[in-house]
Amino acid sequence: MRQKKLKKNSFFTFLTLATTTALLIIAVGKITANFINNLPSIKQLEDYTPNLSTKIYDKDNNLIAELFTERRIFIPINKIPVNLQNAFIAIEDNNFFKHWGISVKGIMRAFSRILLKMKLAEGGSTITQQLAKTIFLTCEKTLIRKIKEAFLTIQLEKNYSKHEILQFYINQIYFGSGAYGVQAAARIYFNKNAQDLNLAECATLAAIPKSPNYYNPFKNKEASLARRNLVLSRMRKLGYITKEQEEEARLTALPAKENALKENMGHYFLEFLRVALEPKYGTNALFKGGLSIYTTIDMQAQAAAEKTIGEALANFDKNKSGVFEKAKQEPVKVQGALIAIDPKNGAIRAMVGGRNFKESQFNRAIQAKRQPGSSFKPIVYLAAIEAGFTPATVLNDKPMVFVRKGNSWDLVSRDITTLETIAETASEKDLINTNKIWAPINYNKKYRGPVTLRTALALSINICAVEIIMHITPAKVIQVARNLGITTPLANSFSLALGSSDVTLQEMVSAFATFASGGIKTTPYIITKVTDRNGKILEQNIPQQKEVLSPQDCFIITNMLKGVVEKGSGGYAKNLRRPCAGKTGTTNDSSDAWFIGYTPQLAAGVWIGYDDRSISLGEKATGGAIACPVWTQFMKGALDGKPVLDFSQPENIEWVLIDPSTGLLALSKTSEAFLEAFIKGTAPTRYCNQVAPDYKVQDLSTEEGF
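FYI, in our numbering the residues of the sequence shown are 1 to 706.
There may be inaccurate statements among the hints.
Claimed, not checked - Subject to a maximum C-alpha distance of 20 Å in a straight line, what follows is the list of computed DMTMM-like cross-link-like pairs (lysine to aspartate or glutamate):
| # | residue 1 | residue 2 |
| --- | --- | --- |
| 1 | Lys636 | Glu311 |
| 2 | Lys445 | Asp415 |
| 3 | Lys320 | Asp589 |
| 4 | Lys307 | Asp553 |
Claimed, not checked - Distance windows between CB atoms, simulated:
| # | residue 1 | residue 2 | range |
| --- | --- | --- | --- |
| 5 | Asp502 | Asn652 | 32 to 38 Å |
| 6 | Asp640 | Ala491 | 37 to 43 Å |
| 7 | Ala276 | Ile441 | 42 to 48 Å |
Source of the hints: derived by calculation from the structure; they are not laboratory data. Just so we're clear, the structure is a prediction, and the values are computed from it rather than from any experiment. Just so it is clear, CB atoms sit at the ideal spot from N, CA and C, and this is done for glycine as well.
Working from the sequences, and respecting the hints, build out all of it.
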């Protein structure tokens, strides 16, 4: 009986165990199935597109910068050197082509470390496991993550060839110094493409991923060298290289400094690109999509711009420091901006928006609106040329006194003593204090009497500019400015002639570029083409051009602006030693200093001032004194190696010998006579000896329209 009962109990025990085991197996199976189902789909790798950096090129298609979250350039396995493939296999996974994704020996080593240290440790990871972790998982050190990694590894091995896995791996891993993938690493460490790496370079790169910061040759030369030599040693032991090749490679020095783009230049134009493209393509595409952006930037000109602006502003601060100390004020850094445009097509060749992008991202070349001062006068003079004035037209450089009546100004005197007289009465003092009297003055408070249009522009005489705008009206000047591409609001007043309305540096340079181009206005642009990662063109820009001036009027104004350099306020620009034209500008209290100028190949503008307009640059800090030298030094660097060209002369231009004192035809014996350019049919017809002794200049202020 007892024996039967024992057998019965044993049977039930067995049945219970069997049932429990079966249920446990089923449960484990379901859990495992559920676990597997919740793993990332291996099919993601088929559509997997790694984050690729966006590459930015200059006008000559040279790579100059990258935008990225991970700096990476994907290359196929056939462009990855065999030495590099073997180096990774030797140091990371020497049984790569033999195992099925997981190394049993590696797992045993990892578990022994866990038992010894009582915590999860890294180890036992094959190249396939590392790829699975990098693409699909996080770097957390948990048992669950390791199990997921194992399942994904098996699936990778099942679905992809060893060479495909190796290709993904070498393009995916991090090499330090911001480089993801071997192509980016090759450029950063050796300034070459991956396919051109030699054996020592391949071993150096293969040594880095184990600990990118520690084995970085720029940061830890000794550790990097030791691990590189270890890679070479393992390659020899596995038969990938000979002993002689190993010894030769060991003698190769490590890279000493970073060769890749550090983007030390062009911060302002790169930000200009980002602002223009990010709304159009989105942040992900711009920083991860592998776009190629082809720009108009000339790196020779850009380098010259940044060097010149940086040095000039630093020197200015050094010289101005004593002024702040004397006034017991905290020193303020002066700011500056420069932009250069190709007059033939409107392409922006250089852009500097300030002295330090990290300190201020405000782009003063594009965004800042400041009074241009006398640099605006060429637009006034161009309007005069279009209205029938000639370079020999004589103006009257005598003081002007205006009184406001309603919304307009009436000229009441051309004698400065008039202002002194009316100021003696209280009522007239009230007029002065309430801005109801205006008396424009010349920079040096000197008045020359009769002067030609050419002389007035060369010497930047304020009175003459006001006289012109009174005759042709501010509305005419505004229309000419609009034709030249200036879009900011302009005051419909006589003070516009003195540059009282705010404009941007880009607008001014673009306007002067139209003079250089012979009357063809081109909308400034910086992007020529954008392509996606596969080379498909997403956008392509061509110059947007419009003829707004006659070539003859442009030549006349250019010839007059050459006089500003040859005998006027822009004299420093003669040091450029090539034909050029330009105009200085200085605002009230010297808060802004400008020089805008051009050659046949390049138009450029320089602005210098303080962001706080209440701070003066100094009594003698004029556009000619501080902006013109910067412009000249920049143009020297930007045009170095370029041919020396003069401005081409259009049809219907004639040259006539002019007497500078009367603006009439000169005799051969006339003192200081010079050749002046005129549109045919507009030159004077009388000789200077035909003028009566009591000859007086025509006073334009008496003509209708004032």
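Against the structure, the hints:
{"no.": "1", "hint": "Lys636 - Glu311", "in the structure": "holds (15 Å)"}
{"no.": "2", "hint": "Lys445 - Asp415", "in the structure": "holds (13 Å)"}
{"no.": "3", "hint": "Lys320 - Asp589", "in the structure": "holds (16 Å)"}
{"no.": "4", "hint": "Lys307 - Asp553", "in the structure": "violated (36 Å)"}
{"no.": "5", "hint": "Asp502 - Asn652: 32 to 38 Å", "in the structure": "holds (37 Å)"}
{"no.": "6", "hint": "Asp640 - Ala491: 37 to 43 Å", "in the structure": "holds (40 Å)"}
{"no.": "7", "hint": "Ala276 - Ile441: 42 to 48 Å", "in the structure": "holds (43 Å)"}
Hint compliance for this structure: hint 4 alone is broken.
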